[in-house]
Amino acid sequence: MGVGRRLAAAAVLTAGAVLVSGLGTGIHYAAPAGGAGARGATVEIHATPVGREVAVAPFTAPNVRLKIGAKGAAVKQLQSRLRELGYAPGKIDARYGGTTQSAVWAFQKVQGITPTSTITSRTWRALEDPRPPRVLVPRGKPDRVEVDLTRQIAVLYRSGQVRLITHVSSGSGIPYCETATWQGKVQKFCGDARTPTGDYKTTWRRSGWHKSYLGQLYNPIFFNGGIALHGALSVPLYPASHGCVRLPMHVAQALPSMLGTGVPVHVRGKFRR
Numbered sequence: 001m002g003v004g005r006r007l008a009a010a011a012v013l014t015a016g017a018v019l020v021s022g023l024g025t026g027i028h029y030a031a032p033a034g035g036a037g038a039r040g041a042t043v044e045i046h047a048t049p050v051g052r053e054v055a056v057a058p059f060t061a062p063n064v065r066l067k068i069g070a071k072g073a074a075v076k077q078l079q080s081r082l083r084e085l086g087y088a089p090g091k092i093d094a095r096y097g098g099t100t101q102s103a104v105w106a107f108q109k110v111q112g113i114t115p116t117s118t119i120t121s122r123t124w125r126a127l128e129d130p131r132p133p134r135v136l137v138p139r140g141k142p143d144r145v146e147v148d149l150t151r152q153i154a155v156l157y158r159s160g161q162v163r164l165i166t167h168v169s170s171g172s173g174i175p176y177c178e179t180a181t182w183q184g185k186v187q188k189f190c191g192d193a194r195t196p197t198g199d200y201k202t203t204w205r206r207s208g209w210h211k212s213y214l215g216q217l218y219n220p221i222f223f224n225g226g227i228a229l230h231g232a233l234s235v236p237l238y239p240a241s242h243g244c245v246r247l248p249m250h251v252a253q254a255l256p257s258m259l260g261t262g263v264p265v266h267v268r269g270k271f272r273r
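Counting in full-length UniProt numbering, the sequence shown runs without a single skipped number right up to 273 at its last residue.
By construction, these hints were calculated from the structure, which means they are not laboratory data.
Certain hints may be false.
To be verified - When the alpha-carbon atoms are kept at most 25 Å apart in a straight line, the in silico DSS-like pairs for lysine-lysine are as follows: (1) K211 x K185; (2) K67 x K91; (3) K201 x K76; (4) K91 x K201; (5) K91 x K141; (6) K91 x K76; (7) K91 x K71; (8) K185 x K201; (9) K188 x K201.
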């Protein structure tokens, strides 16, 4: 499936192919299997048979310390492994940039590692022997989204399989009052900046940038009134939104073709500062 929208305020970023399987009762990694190749500006999602195990190729970490801006073979190995495990590092280009960083953060959070952009031996060891994301709704529908506020990640399931694991930033929990011009009038909007837990379903959506009374949302998919999954230019390592679930831009670019209307969205947990 091709993705050709040009982003108005950011460079076009690419989501990676995903090769992970999951069940309501748990997800287990096994070996071996071949990896998926890079496809340039194309988002490809590879399904695997529903079962208790999914084949994942053995991986030997280079154990090279990496920081943002790094280039070379070790970065390419990092990107390929993240993609294979279900994360979205962007294009496999041997360059450690923002899209790869967001995938690293998501992976580290799932592994119980304090997220950092620096790749050290602990993260490499986890990439050799990774744990799957915790299932929040064991008897959930085969197609669903689980948002873990505690870990600040979201997991997309399709046909009972994990298709995408991504870093997110949810509601800050800091009450706000902001004045904005909305529907031709200057109005004051106040709220608690909270992403409510509960069980919802995806409803309406917009393509590209959508202007709301609290800011710009990229490719928003609403699931609880005015609360949406959407792309943002800032997706920090802490809850920062007015209540929506912010996604990295390259993930938000791919998500509309992966997530239909009426799909359950389960929000669980609580972030502790």
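Verification of the hints:
1. Using a Cα cut-off of 25 Å, the hinted pair K211 and K185 holds, with the two alpha carbons roughly 15 Å apart.
2. A threshold of 25 Å between alpha carbons decides the hint, and for K67 with K91 the separation of about 17 Å falls inside it, so the pair holds.
3. For the proposed pair K201 and K76, the alpha carbon gap of about 37 Å is over 25 Å, so the pair is violated.
4. Among the hinted pairs, K91 with K201 is inconsistent with the structure: their alpha-carbon atoms are about 31 Å apart, more than 25 Å.
5. For the proposed pair K91 and K141, the alpha carbon gap of about 31 Å is over 25 Å, so the pair is violated.
6. For the suggested pair K91 and K76, the alpha carbons sit about 10 Å apart, so the restraint of at most 25 Å is met.
7. Annotation: proposed proximity of K91 to K71 holds, straight-line Cα distance about 13 Å (limit 25 Å).
8. A distance of roughly 31 Å separates the Cα atoms of K185 and K201; the hinted pair therefore is violated under the 25 Å criterion.
9. Only pairs whose Cα atoms come within 25 Å are accepted, and K188 paired with K201 is rejected, the gap being roughly 28 Å.
Violated hints, in rising order: 3, 4, 5, 8, 9; the structure is consistent with all others.
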